[in-house]
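Asker: So you can see what is in the structure, the chains are spelled out below.
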Amino acid sequence: MKLIFERGHEGQGCTVLPEPDVPEFHLETPGRELPLRLPHVSENEISRHYTELAGEVHGVNSGFYPLGSCTMKYNPKVNEVAAALPGFTGIHPLQPVGTVQGCLDVLKRAQELLCEITGMDDMTMQPAAGAHGEFTGLLLIKAYHESRGDKKRTKIIVPDSAHGTNPASAVMAGFEVVNIPSGADGCVDLDKLREAVGDDTAGLMLTNPNTVGLFDRNILEITSIVHKAGGLNYYDGANLNAIMGIARPGDMGFDVVHINLHKTFSTPHGGGGPGSGPVGCKAFLSDFLPGPQPVWDGDDLTLAMPPRSIGSVRTFYGNFLVVVKALTYIMILGRSGVADAARNAVLNANYMMRRLRDIYHMAFDDVCMHEFVMSLENMKHDWDVSAMDVAKALLDYGIHPPTMYFPLIVHEALMVEPTETESRETLDEAIAVFREIYELSQSDPERLRAAPSRTSIGRPDEVQAARKPVLRYAFPDGWK
Amino acid sequence: MLRDIGFESFDGLFAHIPEEVKVRELHIPEGLSEMEALEQVEELAERNRRFRRIFRGAGAYDHYIPAIVKSVTSKEEFVTAYTPYQAEISQGVLQSIFEYQTMICELTGMEASNASVYDGGTAAAEAVAMCRDRKRQTALISGAVDPQVLRVIRTYCHGSGADVVVVPEREGATDVEALKTLLAENSAACLYIQYPNFYGVIEDAELLGSLAHEAGAKFIMGCNPIALALLKTPGECGADIAVGEGQPLGLGLNFGGPYLGFMAASDKMVRKLPGRIVGETVDSEGRRAFVLTLQAREQHIRREKASSNICSNEALCALTAAVYLSAMGERGLKECAQLCLSKAHYLQRQLEGAGFRLKYDRPFFHEFVTVSEKDTGTVLKALEERGILGGLPLGDHKMLWCATEKNSRGDIERVAAIVKEA
Chain A
0 MKLIFERGHE
10 GQGCTVLPEP
20 DVPEFHLETP
30 GRELPLRLPH
40 VSENEISRHY
50 TELAGEVHGV
60 NSGFYPLGSC
70 TMKYNPKVNE
80 VAAALPGFTG
90 IHPLQPVGTV
100 QGCLDVLKRA
110 QELLCEITGM
120 DDMTMQPAAG
130 AHGEFTGLLL
140 IKAYHESRGD
150 KKRTKIIVPD
160 SAHGTNPASA
170 VMAGFEVVNI
180 PSGADGCVDL
190 DKLREAVGDD
200 TAGLMLTNPN
210 TVGLFDRNIL
220 EITSIVHKAG
230 GLNYYDGANL
240 NAIMGIARPG
250 DMGFDVVHIN
260 LHKTFSTPHG
270 GGGPGSGPVG
280 CKAFLSDFLP
290 GPQPVWDGDD
300 LTLAMPPRSI
310 GSVRTFYGNF
320 LVVVKALTYI
330 MILGRSGVAD
340 AARNAVLNAN
350 YMMRRLRDIY
360 HMAFDDVCMH
370 EFVMSLENMK
380 HDWDVSAMDV
390 AKALLDYGIH
400 PPTMYFPLIV
410 HEALMVEPTE
420 TESRETLDEA
430 IAVFREIYEL
440 SQSDPERLRA
450 APSRTSIGRP
460 DEVQAARKPV
470 LRYAFPDGWK
Chain B
0 MLRDIGFESF
10 DGLFAHIPEE
20 VKVRELHIPE
30 GLSEMEALEQ
40 VEELAERNRR
50 FRRIFRGAGA
60 YDHYIPAIVK
70 SVTSKEEFVT
80 AYTPYQAEIS
90 QGVLQSIFEY
100 QTMICELTGM
110 EASNASVYDG
120 GTAAAEAVAM
130 CRDRKRQTAL
140 ISGAVDPQVL
150 RVIRTYCHGS
160 GADVVVVPER
170 EGATDVEALK
180 TLLAENSAAC
190 LYIQYPNFYG
200 VIEDAELLGS
210 LAHEAGAKFI
220 MGCNPIALAL
230 LKTPGECGAD
240 IAVGEGQPLG
250 LGLNFGGPYL
260 GFMAASDKMV
270 RKLPGRIVGE
280 TVDSEGRRAF
290 VLTLQAREQH
300 IRREKASSNI
310 CSNEALCALT
320 AAVYLSAMGE
330 RGLKECAQLC
340 LSKAHYLQRQ
350 LEGAGFRLKY
360 DRPFFHEFVT
370 VSEKDTGTVL
380 KALEERGILG
390 GLPLGDHKML
400 WCATEKNSRG
410 DIERVAAIVK
420 EA
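Protein chains in written order, with numbering that gives the first Met the number 0: chain A, 0 to 479; chain B, 0 to 421.
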């Protein structure tokens, strides 16, 4: 496919701006001497270029997308309509507060609904993604210990099944990471946790349901061990979709939680963002939240920094339009719809798991939550077919592969999360494909190792990409 | 379905959850139909006042967005895809990011760009983090940067334990003498400046950069991307890292987000860049292909040793910027920058005539500060009554004004007439 720089020619372009109506001003400071090589294409060519590119993208609208841990549910179109209202998109973030009451109300309502769903008392909508929320939440924990003069609490405990963002966020927030191994059942090993906690424990970061798709039944014991040691409990909301409306992190002993609006609350992922990662907290952490925050001032909303705020984790108030989408979604689901979504997400995952476990080895063969993890170690050993090969074979069937090689504690892992928005028909089709691929791994493993064959490119050479990085277009001499 | 897999009720699926943490009743309203929900959200939107004439910037800029931009960025495949982990079915997203990276390199004059970060503030904070090493823990930040960006940098640095020292601002620009002293006193990791700065002033970036480099510090420039069509680029000014708020490149005002943080660096610093980077390679048949690359920097591989924790970024906003830059082209972007420059200067002269003096006698791009004896609240109220959002009040009778290509001569003259009467 041509790059946009390889289309059109000098002199072509779009004309969108009017002629100047004021005298032209010229700067006396030295200007740029470098050429500015931007595409020179007509609007028609832009339209066709991106239509062609869009044809080379698998979105949720294109087909099944059981990418574990990412909750690729259907993105309702009404959310997009709501977020495109000019009464939101045309609002300057530094307008007088009296002229942005609608925007502030959106933030406030979303906060209140999400606080109720997570069992938290207060919330910031400022973080722009899940990892950003983790960083923010950890800064709250840091500020809390600092406010008490408790300077020795420098360690964050992270299970080895955690998302890579957990340890990375902890380091960014200035903590030392203590990794603890999971038990044989994939859950927190209580003895290892008891050994790890102490008067240097700042907190524990935990995903529950965890990354193997199981709800940790010892959750109250776990959070209590950390609390007794003087630490706080951080809930990674990546898997909230399994339990929303069913159980709340706030009732499990968690003090801080982040939510991924682009996972649980149906806002689209945009090929890698914009997301939104609100952080909720218990009342005793409220004063530390980043700001400015929307707060009531009589009958009106205004913006203010919380008294002992950690500062700001980005400019303005967060990915506001993403919040509009999530709010619309929650308004439509309502009280019973929220829990129904979770129930159906869990049902779909168990349905798929139970229709595959006679041939695929389940890493933890139990009732799963919204996702399950298969280990293809035996297939790798017996037929030299890897998790990667199965994933690539799925591409030829129009299915986005599950998450591969995660969590790290499972070898040859494939993590499957069907979500609640897939019909039984889609699940049955996907199950049939998985079974067919399993057959092929014995009868024709070579075909799987060579997959995919029906996509526009075959497997890319990632080693070459990293060894000799080519990160921008090499304009030919005399490019015009 | 439930019974087909051996369960009598949903309770069986949630048996691992202790009874004491189960929700009895969620206190949120019952669900609405799509029609009702949209009506309610529309009512919320209507409670905002949308100004048709905006003379305020300060980090968010009202530019014209060509129609093709929304058309492309609404394509469902781009909207609903996840991060392009599976290259074979993500070439469209990957190629669009590669094209975006190329355009950011062209704008900034730098050698390598990442796929985006959350916004201009986090781009600045991440750039500061890139420069830190064991011997150099202090970040020098110009006092003439956007106070919000400074706050984000401070918040990030407090997390990692780095020191922030603010270089005083003098007459609307970074104080060069103070900078020299601070560079001599600290073994600074970096100097961060904004270009044009918060007051609209075009800093002498080359000079500031050379002072930083003489002291062994890295030089980071936070840039307005539209201004870079005319101004000497960060690459030409000797910057090690160029970052900025990409919102002016086709994104709406959006009450502050989603926005776009762009980050570009010299080749030497590529492996310290945070976040996604797309690279060109070949597939099994030798065809051109694009992949996420240099992933050894990232959290899913390196965990606590990663260069940053970022994974989701602002991909769709980066696509927006790429489509915007394609629609504008070199000619259009330069015209846009020239219009901003000319209109801001015309506005400044009109305001001067209305008794609002230019506060800093320095070269500026499309923002500038005025002072007058008048009460800024009264002035802004008078403008507001006529549907105009005036400059940002900075205290002490100062106002920060902005003009873009969207402000017509008639509007500018009307503003001057209104503030003169106010």
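Note that these hints are calculated values from the structure, not bench results.
For every residue, glycine included, the Cβ atom is placed at its ideal position computed from N, Cα and C.
Treat each hint with caution, since some may be false.
To be verified - Restraint-style ranges between C-beta atoms, simulated for each label pair:
| # | chain 1 | residue 1 | chain 2 | residue 2 | range |
| --- | --- | --- | --- | --- | --- |
| 1 | B | His299 | A | Ala449 | 35 to 45 Å |
| 2 | A | Thr425 | B | Glu29 | 26 to 36 Å |
| 3 | A | Pro306 | B | Thr377 | 30 to 40 Å |
| 4 | A | Glu18 | B | Ser70 | 18 to 28 Å |
| 5 | B | Ser283 | A | Val294 | 52 to 62 Å |
| 6 | A | Thr28 | B | Gly386 | 32 to 42 Å |
Asker: All hints, please: hold or fail.
Answerer: So, going through the hints one by one against the coordinates:
Checked against the hint of 35 to 45 Å, the pair His299 (chain B) and Ala449 (chain A) fails, with Cβ atoms roughly 26 Å apart. The beta-carbon spacing between Thr425 (chain A) and Glu29 (chain B), approximately 29 Å, falls within the hinted interval of 26 to 36 Å. Between Pro306 (chain A) and Thr377 (chain B) the beta carbon distance is about 31 Å. The supplied range of 30 to 40 Å therefore holds. For the pair Glu18 (chain A) and Ser70 (chain B), the supplied restraint of 18 to 28 Å holds, since their beta-carbon distance comes to about 25 Å.
A beta carbon spacing of about 57 Å between Ser283 (chain B) and Val294 (chain A) agrees with the range 52 to 62 Å that was offered as a hint. Separation of Thr28 (chain A) from Gly386 (chain B) is about 35 Å and conforms to the stated range, judged on CB atoms against 32 to 42 Å.
In summary, the structure is inconsistent with hint 1 from the numbered list given earlier, while agreeing with all the others.
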